[in-house]
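S.K.: Can you build the whole structure from these sequences, using the hints too?
In order, the protein sequences belong to chains D and C. For the first sequence, UniProt numbering begins at 1 and goes up steadily by one. For the second sequence, UniProt numbering begins at 1 and goes up steadily by one.
Hints were generated in silico from the structure; no laboratory data involved. Be aware that one or more of the hints could be misleading.
What the hints assert, rightly or not - Restricting the straight-line Cα-Cα distance to at most 25 Å, the calculated cross-link-like pairs of lysine to any residue (SDA-like) are:
#1 D:803 <-> C:13
#2 D:443 <-> D:208
#3 D:789 <-> C:39
#4 D:331 <-> C:19
#5 C:43 <-> D:786
#6 D:99 <-> D:152
#7 C:43 <-> D:787
#8 D:789 <-> C:31
#9 C:43 <-> D:603
#10 C:43 <-> D:788
#11 D:803 <-> C:19
#12 D:803 <-> C:39
#13 C:43 <-> C:31
#14 D:331 <-> C:50
#15 C:43 <-> D:607
#16 D:270 <-> D:383
#17 C:43 <-> D:611
#18 D:229 <-> D:289
#19 D:273 <-> D:603
#20 C:43 <-> D:273
#21 C:43 <-> D:604
#22 D:789 <-> C:52
#23 C:43 <-> D:383
#24 D:789 <-> C:28
#25 D:789 <-> C:8
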Amino acid sequence: MTYTRETDHGTPAAIATGKSVTLTIDGQAVTLPEGTSIMRAASLLGGSIPKLCATDSVESFGSCRLCLVEVEGRNGYPASCTTPVAEGMVVRTQTDRLKKLRRGVMELYISDHPLDCLTCGANGDCELQDQAGAVGLRDVRYGYDGATNMGQAKDQSNPYFDFDPSKCILCSRCVRACDEVQGTFALTIEGMGFDSKVSASQGEGFLGSECVSCGACVQACPTASLIEKKVVEVGTPDRAVVTTCAYCGVGCTFRAEMRGEELVRMVPWKDGKANRGHSCVKGRFAWGYAQHQDRILNPMIRASVSEPWREVSWDEAIAYTASEFRRIQAKYGTRSIGGITSSRCTNEETFLVQKLIRQGFGNNNVDTCARVCHSPTGYGLSQTFGTSAGTQDFDSVMQADVILVIGANPTDGHPVFASRMKRRLRQGAKLIVMDPRRTDLVKSPHVEADHHLPLRPGTNVAMLTAMAHVIVTEKLYDEAFIRERCDGQEFADWADFVSQPARSPEAIEPLTGVKADEVRAAARLYATGGNGAIYYGLGVTEHSQGSSTVMAIANLAMATGNVGREGVGVNPLRGQNNVQGACDMGSFPHEFSGYRHVSDTATRSLFEQAWGVTLDAEPGLRIPNMLDAATDGTFKGLFVQGEDILQSDPNTHHVAAGLAAMECVVVQDLFLNETANYAHVFLPGSTFLEKDGTFTNAERRIQRVRKVMAPLNGYADWEIVQLVANAMGLNWTYDHPSQIMDEIAALTPTFAGVHYDRLEAEGSLQWPANDAAPDGTPTMHIGGFVRGKGKFVVTDYVPTDEKTGPRFPLLLTTGRILSHYNVGAQTRRTANTAWHPEDRLEIHPSDAENRGIKEGDWVALKSRAGETTLRAQVTERVAPGVVYTTFHHPETQANVITTDYSDWATNCPEYKVTAVQVMPSNGPSDWQRDYADQAKMSRRIAPLEAAE
Amino acid sequence: MSDETEVMSTGDRLIYMANQIARNLAAQGEGEAVASTASHIAKFWDPHMRARIVALSAERPDALSPIAAQAVRAISA
Ligand code: SF4
Ligand code: SF4
Ligand code: SF4
Ligand code: FES
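M.R.: Shown next as structure tokens:
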């Protein structure tokens with residue numbers, strides 16, 4: 001693909017009303033939806049009306065007057081961006097009179113603009129330049145030194161883009177993008193007339209302002225006033241390749257804009273169905289880690305973790321890996337080794353890792369990091385609805401009337417979806433937030449929750465059951481839906497259970513700490529407010545009762561008839577880019593791709609025929625079970641692709657003990673991560689920019705990842721797995737990931753229609769995509785549940801065993817922030833550290849005062865599992881009795897604190913509840929110091945010996 | 001539970017897990033809870049873990065709750 005800009009139709013598509021109008025533009029007749037602007041209509045016909053203040057990501061404004069047209073029978077020259085099409089209208093866009101008027105407008109703009117085009121970063125990619133050409137401006141009568149903007153200082157505080165006021169034409173596209181697209185409202189136009197000026201949060205500069213660096217304003221800016229630093233540095237791009245973000249489960253698609261082999265910028269793709277042209281700071285800007293000097297590019301091995309690493313050839317590393325795994329199996333048995341697939345790698349790579357384990361290792365000891373995030377979603381939704389995935393696409397939120405957000409902070413975790421949700425809220429949808437923290441959604445510019453239920457961590461099931469109590473006892477349920485779609489007896493049992501007085505909002509108030517009236521009001525709103533849509537996150541799943549909570553959510557949705565159409569549903573907000581895909585691809589020890597149990601003979605024989613081996617019919621070990629078995633001496637070898645279990649999994653001491661007890665740990669990753677401190681083989685991995693494949697986002701949308709540059713380490717990750725497989729005697733012969741997808745399609749009914757040529761043609765597909773749903777499935781369970789009848793499951797509140805007491809009186813809950821991703825291995829290696837240089841402990845002012853803790857003080861955080869130190873942030877965002885931190889930095893290792901308690905059904909760790917004490921401290925704990933020393937020792941790489 | 005730092009042994013953890021499953025399913029009524037606890041363990045625990053819990057239930061008969069104990073008996077049959 002050579003470089004062309006995406007077409008800008010000038011104004012957004014009209015809101016669908018079903019009606020259309022026919023008109024004539026420059027002699028051509030055209031029929032379009034009512035509400036379309038004349039500017040957009042002309043553009044859709046292939047023409048283009050000159051414009052400056054209009055762009056199709058934001059509503060038109062009508063300030064520049066460059067887009068004037070003539071309309072027969074109307075006086076004057078209306079602005080085409082603000083004038084909607086009308087039946088029978090006759091429009092002319094190019095007349096001598098219009099040309100003259102436009103030239104006049106342009107002349108004024110140019111006379112006020114520095115004419116340093118030749119040295120400007122945007123030269124060749126500037127709309128002002130283009131439009132001056134388009135209107136045929138040759139001469140400026142007013143001189144070139146309009147005093148307004150010249151000589152103003154640039155704001156270069158943002159690490160990724162610059163703001164140069166002297167190039168600003170005051171079109172306010174940036175302001176509107178920040179308001180309408182992003183919803184942050186960080187920009188204003190200050191001052192009047194010649195003194196007006198774009199300003200970030202009253203003149204603080206971009207970095208110090210509310211700006212979250214999403215880039216929407218930069219994209220909207222027609223000039224070099226807001227410009228990516230990288231474009232200034234490298235120059236304008238000469239080709240573009242569409243690919244998918246490798247950070248979060250929103251799955252934004254981008255044009256990777258290249259200059260030769262160098263990535264210049266990632267521009268959100270307007271046709272991307274998940275992001276619709278928007279992005280967040282991570283996907284848009286934080287890709288510098290791909291070229292970071294810490295990346296390991298050569299394979300390394302060592303006999304023991306106390307030795308330094310030794311760089312070896314790929315052949316040697318692969319042969320050593322295969323021989324170690326075979327040696328261990330010969331000595332300790334077939335089931336003594338296993339592997340972990342990565343939610344960051346592609347579907348194809350994940351499929352290959354589980355295939356390597358099932359076919360090559362001969363057991364089912366495969367698990368994935370979804371274990372520690374959304375395994376309860378898989379369990380809970382498959383029990384109640386029959387599929388392990390969310391029910392809607394992201395667009396669905398625009399039809400929701402009541403949005404219930406539980407244990408999720410989309411503003412930070414799923415920013416692009418949050419922007420969409422906020423847009424819907426600004427249109428008037430109601431909002432209920434159930435979260436111990438006063439998250440940004442509870443109150444932010446132009447968005448305020450109608451109800452915030454700040455429940456005590458660990459009481460989700462009690463709270464949701466109390467809402468069900470209100471819905472059942474006040475007869476707010478949807479009887480017709482239940483009768484037609486659900487099992488009647490199960491509903492009756494459930495209704496009986498939730499109606500008991502012990503489950504009323506009043507009865508559970510002492511447990512949850514939330515006023516009963518507020519709970520009642522929220523339940524009534526959800527049940528009766530129109531389309532009710534539930535969005536939830538890790539605050540639901542990462543609990544002892546994670547699976548029960550997911551089922552309690554599904555019960556609420558079924559009881560109120562909020563499943564099976566647009567605008568409603570149950571929507572897990574998935575963390576990592578491909579966590580949905582990793583689950584779909586058979587990464588769990590008890591099931592093959594498409595969620596089919598390994599004991600199912602028909603499915604197993606399908607795989608046995610395809611792979612030519614007998615497969616194990618017994619479920620394998622999950623990650624915590626593998627670590628236990630390792631400590632017990634029965635599990636000795638582990639292949640870890642693209643995960644850092646030492647940092648991301650709970651109870652670091654337990655993980656470290658398990659890893660240390662193994663004889664061969666193989667880590668395939670970009671960096672020497674924390675897990676690699678315990679590894680014997682390091683296989684350097686590739687980034688998403690360096691390979692082909694697919695990711696599946698939280699809406700079940702399968703999207704292409706495209707290679708834009710050669711892998712620095714020599715191989716794509718799928719090729720490395722194939723090398724290991726072949727060294728173990730498996731004879732794999734894939735030349736391209738499309739062949740792996742063909743195999744997945746052949747073996748997985750829900751993926752039967754997923755092939756690269758279809759993805760190429762459609763852009764993306766939402767599974768199930770097969771003969772029954774050739775174009776995929778945006779909304780699930782229309783007309784009936786996948787499992788047949790919807791199943792109401794009684795969810796009894798069982799308090800966690802992790803209890804506060806005199807020594808550990810506070811509850812710690814953990815989470816993440818916008819600018820970092822998971823364990824931070826990538827984002828910490830980018831300029832995103834400007835926003836979050838360290839993990840901090842949020843503590844309520846009263847708890848802080850009791851302990852003599854002030855903002856910024858070092859504090860020791862101690863639980864039954866361990867101790868660490870970090871700095872305090874005193875804030876009312878957390879309730880008294882609750883403290884909160886992120887886990888993005890290995891120096892803090894929040895998981896030293898988290899315990900082994902986990903979800904009863906899936907062993908998903910209880911990250912969200914740990915009893916802790918917080919005390920003033922004056923520096924790192926002993927453990928942190930020891931750990932830092934050990935990590936340093938473990939990362940030594942021996943100098944290469946001289947060649948013989 | 002005491003406030004001392006605790007690291008569960010694998011045996012303790014398996015017992016804890018079996019009891020935790022049983023406790024979360026108890027609201028279904030005893031008969032159904034035993035059956036679902038048994039099928040849950042059969043479906044999600046690897047053979048080694050299952051053998052271990054069967055052995056543990058014999059070694060430490062009081063460690064398992066009544067529902068968990070019956071479920072373990074069911075999977076050992
Ligand atoms: S980068 Fe995003 S948040 Fe920041 S000012 Fe621009 S649009 Fe607003
Ligand atoms: S910074 Fe760019 S988008 Fe914003 S008003 Fe100025 S020219 Fe327009
Ligand atoms: S991190 Fe998520 S929201 Fe941000 S650009 Fe990537 S996919 Fe989109
Ligand atoms: S583009 Fe229509 S007024 Fe500016």
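S.K.: Now tell me, hint by hint, if it's right for this structure.
M.R.: Now the hints, each set against the structure:
Straight-line distance between C-alpha atoms of residue 803 of chain D and residue 13 of chain C comes to about 18 Å, which keeps the hinted pair within the 25 Å bound. Distance restraint check for residue 443 of chain D and residue 208 of chain D: the Cα-Cα separation of roughly 20 Å lies within the 25 Å cut-off, and the hinted pair is therefore satisfied. Proposed proximity of residue 789 of chain D and residue 39 of chain C is supported: the alpha carbons are some 21 Å apart, at most 25 Å. For the proposed pair residue 331 of chain D and residue 19 of chain C, the alpha carbon gap of about 34 Å is over 25 Å, so the pair is violated.
Taking the CA atoms of residue 43 of chain C and residue 786 of chain D, the gap is near 21 Å; set against the 25 Å cutoff, the hint holds. At most 25 Å may separate the alpha-carbon atoms for a hinted pair to count; residue 99 of chain D and residue 152 of chain D exceed this at roughly 33 Å. With a C-alpha separation of about 18 Å, the suggested pairing of residue 43 of chain C with residue 787 of chain D holds against the 25 Å cut-off. At roughly 23 Å between alpha-carbon atoms, residue 789 of chain D and residue 31 of chain C fall within 25 Å of each other, so this suggested pair holds.
As the CA atoms of residue 43 of chain C and residue 603 of chain D are separated by approximately 16 Å, the hinted pair is consistent with the 25 Å bound. Of the pairs offered as hints, the one joining residue 43 of chain C and residue 788 of chain D holds, with about 21 Å between alpha carbons and a cut-off of 25 Å not exceeded. The hinted pair formed by residue 803 of chain D and residue 19 of chain C meets the criterion: a straight-line CA distance of about 18 Å does not exceed 25 Å. Pair hint residue 803 of chain D plus residue 39 of chain C does not hold up; C-alpha atoms about 30 Å apart against a cutoff of 25 Å.
Proposed proximity of residue 43 of chain C and residue 31 of chain C is supported: the alpha carbons are some 18 Å apart, at most 25 Å. Proximity of residue 331 of chain D to residue 50 of chain C is assessed by CA-CA distance (about 22 Å); at most 25 Å being required, the pair is judged to hold. Of the pairs offered as hints, the one joining residue 43 of chain C and residue 607 of chain D holds, with about 19 Å between alpha carbons and a cut-off of 25 Å not exceeded. This hinted pair does not check out: residue 270 of chain D and residue 383 of chain D have alpha carbons roughly 37 Å apart, beyond 25 Å.
Restraint check for residue 43 of chain C and residue 611 of chain D: satisfied, since their Cα atoms lie roughly 24 Å apart, inside the 25 Å limit. A hinted pair counts as satisfied when its Cα atoms are at most 25 Å apart, and residue 229 of chain D with residue 289 of chain D qualifies at roughly 16 Å. Restraint check for residue 273 of chain D and residue 603 of chain D: the C-alpha separation of about 33 Å exceeds 25 Å, so the hint is violated. For the given pair, residue 43 of chain C sits about 37 Å from residue 273 of chain D by alpha-carbon distance, which is inconsistent with the 25 Å threshold.
Between residue 43 of chain C and residue 604 of chain D, the direct Cα distance comes to roughly 15 Å. Compliance with the 25 Å bound is thereby established for this hinted pair. Straight-line distance between C-alpha atoms of residue 789 of chain D and residue 52 of chain C comes to about 37 Å, which puts the hinted pair past the 25 Å bound. Of the supplied pair hints, the one linking residue 43 of chain C and residue 383 of chain D holds, its CA atoms being roughly 13 Å apart against a limit of 25 Å. In summary, the hint linking residue 789 of chain D to residue 28 of chain C is supported, as the alpha carbons are separated by about 19 Å, within the 25 Å threshold.
Taking the CA atoms of residue 789 of chain D and residue 8 of chain C, the gap is near 41 Å; set against the 25 Å cutoff, the hint is violated.
The structure is inconsistent with the numbered hints 4, 6, 12, 16, 19, 20, 22 and 25, although it conforms to all the rest.
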